[in-house]
Amino acid sequence: MSTTAASTKPVDPSVKVVTDATCTFCGCVCDDIDISVKDNHIIEAKRACVMGKAWFLNHHADDRPSCLIEGKPASVAEGVERAARILTEARYPIIYGLSDTTSEAQRVAVHIGDLIAGTVDTTTSVCHGPSGMAFQSAGEVTCTLGEIANRGDLIIFWGGNPAENHPRHFTKYSLMPKGMFLPNGRKDRTAVAIDVRNTKTAKAMDLFFQVKPRSDFECLWTLRALAKGIDLDPAVVKKDTGIELARWQDLMARMKACKFGVILFGMGLTMTRGKHLNSEALLSLARDMNAFTRFVVKPMRGHGNVTGADNVVTWSTGYPFGVNMSRGYPRFNPGEYTTSDTLARNEADAAMIIASDPMANFSQPARERLASIPYIALDPKDTPTTRAATVAFTTATYGINTAGTVYRMDDVPIFLRPAFESPHPSDFDVLTAIKHRVMELTNQQ
Amino acid sequence: MAETFILVPGRTSKQGCGVSEGKFTDGYQKEISSLQVADEDMKRYGLVNGDKVRITTESGRQVDLAVITAPAKELPSGMLFLAYGDLSSILMDGDTHGTGMPTSKGMDVTMEKL
Chain H
1 MSTTAASTKP VDPSVKVVTD ATCTFCGCVC DDIDISVKDN HIIEAKRACV
51 MGKAWFLNHH ADDRPSCLIE GKPASVAEGV ERAARILTEA RYPIIYGLSD
101 TTSEAQRVAV HIGDLIAGTV DTTTSVCHGP SGMAFQSAGE VTCTLGEIAN
151 RGDLIIFWGG NPAENHPRHF TKYSLMPKGM FLPNGRKDRT AVAIDVRNTK
201 TAKAMDLFFQ VKPRSDFECL WTLRALAKGI DLDPAVVKKD TGIELARWQD
251 LMARMKACKF GVILFGMGLT MTRGKHLNSE ALLSLARDMN AFTRFVVKPM
301 RGHGNVTGAD NVVTWSTGYP FGVNMSRGYP RFNPGEYTTS DTLARNEADA
351 AMIIASDPMA NFSQPARERL ASIPYIALDP KDTPTTRAAT VAFTTATYGI
401 NTAGTVYRMD DVPIFLRPAF ESPHPSDFDV LTAIKHRVME LTNQQ
Chain C
446 MAETFILVPG RTSKQGCGVS EGKFTDGYQK EISSLQVADE DMKRYGLVNG
496 DKVRITTESG RQVDLAVITA PAKELPSGML FLAYGDLSSI LMDGDTHGTG
546 MPTSKGMDVT MEKL
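Protein chains in written order, with this note's numbering: chain H, 1 to 445; chain C, 446 to 559.
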């Protein structure tokens with residue numbers, strides 16, 4: 001990773017090439033992409049995966065207005081004024097999203113939340129939020145993706161499908177790399193998938209456990225029992241997990257025998273019944289395994305800077321998501337201050353949605369509430385959320401138009417190398433302007 | 446006939462690309478409104494690709510979707526898959542059971558051929 005300014009190697013006078021640009025579509029945050037730009041369009045993205053190419057090739061400077069108020073074009077200054085008034089006049093304002101913007105912008109958003117005594121929540125709450133709860137009870141035996149690439153000789157993917165959702169994870173980090181202690185790359189690793197679906201990921205593995213749906217908790221406790229040498233009834237294990245006890249025993253023998261075991265888990269655990277208890281069981285299993293060998297566990301993160309959102313909200317407030325500041329100090333309570341809940345229970349009476357699309361992916365009760373209250377949306381794209389917003393800002397795309405910091409899924413910060421300027425303001429610029437106006441309206445410094 | 450299935454919404458590469466290409470494009474809309482059904486369930490229901498079914502959750506939420514056969518035997522019989530999006534979200538209840546996360550995978554639903 002380099003943090004120096006973007007280097008350019010002109011191929012011809014009309015094409016600018018930015019080397020080692022960073023893709024911010026998913027949590028892999030690949031920072032080895034060479035992008036070619038012509039007339040404010042990215043025409044090539046070398047080494048990007050299929051989703052990375054879609055990300056780079058479909059973000060160009062479009063001619064939508066930078067601000068719409070109630071669907072009508074307005075100046076950014078007018079939008080800032082309306083936004084500040086919406087936030088300061090509300091009784092229960094919420095700020096939500098933040099997973100697809102820079103950490104610099106995330107920091108300003110948290111500050112606004114503090115100024116308006118509001119609630120700050122991120123898309124983590126509908127992603128790995130339950131894992132965030134489990135981290136607090138079980139801890140996280142963690143590592144960087146570089147350590148996995150260089151050391152991981154047993155890789156277990158649990159409840160996730162990186163072959164579809166993180167296409168370069170296998171080749172850059174988890175399966176294929178020839179590492180410092182794995183000179184033969186894939187041949188030196190044993191790869192295992194545990195999932196309810198026989199996905200593309202499962203088909204790339206050495207071992208696949210197609211478990212009974214909604215049995216992750218039982219599967220994990222089966223492994224925890226085997227780690228402790230506890231005898232289990234084969235019939236009960238088969239009935240509860242859908243897998244023969246002998247196969248679990250074989251897996252546990254491999255887990256104890258490996259030199260550097262890795263569990264990478266997806267939302268198959270956090271979105272299914274059990275949620276944080278599933279994550280807690282997995283984190284505990286990884287912790288248990290350190291009595292025998294080195295073992296680590298990492299969540300597979302989706303959005304480009306959702307990990308940054310966790311980091312920024314945590315170092316700003318002490319909690320990772322779902323933080324309420326109405327009493328002048330931060331309080332954390334998932335289920336109470338998380339956005340799905342504050343909307344579905346008709347509590348929030350104004351909102352600012354930053355770089356996310358709850359009108360497309362929240363539950364119907366939550367969407368109905370959001371549609372009924374005044375809210376502000378910041379997004380580079382035209383989405384269901386921007387279309388229904390009271391104030392909608394079209395903003396520059398992070399990583400393509402703006403510099404800044406993002407955190408890879410293993411909490412490693414990476415600096416962005418923008419490709420070309422956008423006619424639209426950045427999230428950071430809009431949020432900073434809103435913050436200053438909120439400070440004026442509330443007589444705060 | 447309306448049997449009970451387990452519905453697992455999730456991400457796909459096409460859905461992920463569609464987020465960048467535009468959520469109002471035909472490709473994205475088609476991806477998020479195509480219900481994957483196991484081959485044996487397709488045959489038992491007498492379904493062919495493009496047929497419409499009605500999905501109903503335990504709490505009564507309903508959507509109508511076009512079916513496609515799940516690729517490469519990804520699904521066991523009794524399980525359905527739908528790419529994340531507007532229609533999968535309609536099926537989610539608002540309750541998060543104190544976690545902030547609505548139950549959005551592993552939902553019991555019934556499937557009825559239209």
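Take the hints with a grain of salt, since some may be wrong.
Example chain H residues on the side facing chain C (calculated, C-beta under 7 Å, incomplete) [as the list claims (entries may be wrong)]:
no. : residue
1   : Asn58
2   : Asp62
3   : Phe135
4   : Gly139
5   : Leu182
6   : Pro183
7   : Asn198
8   : Ser363
9   : Glu368
Heads up, simulated SDA-like pairs for lysine to any residue below, C-alpha to C-alpha not over 25 Å straight-line [claimed, not checked]:
no. : chain 1 : residue 1 : chain 2 : residue 2
10  : H       : Lys172    : H       : Asp411
11  : C       : Lys475    : H       : Lys172
12  : H       : Lys38     : H       : Ser75
13  : H       : Lys53     : C       : Met487
14  : H       : Lys203    : H       : Asp153
15  : H       : Lys200    : C       : Thr457
16  : C       : Lys518    : C       : His542
17  : H       : Lys212    : C       : Lys475
18  : H       : Lys200    : C       : Ile451
Just so you know, these hints were derived from the structure itself, not from any lab. Predicted model only: the values in this text are computed from it and were never measured. Just so you know, even glycine gets a beta-carbon here, dropped at the ideal spot from N, CA and C.
task = Provide an ascending list of the numbers of those earlier hints which the structure does not satisfy.
result = Numbers 2, 3, 4, 5, 6, 9, 11, 12, 13, 16, 17 - these are the hints that the structure violates, sorted from lowest upward.
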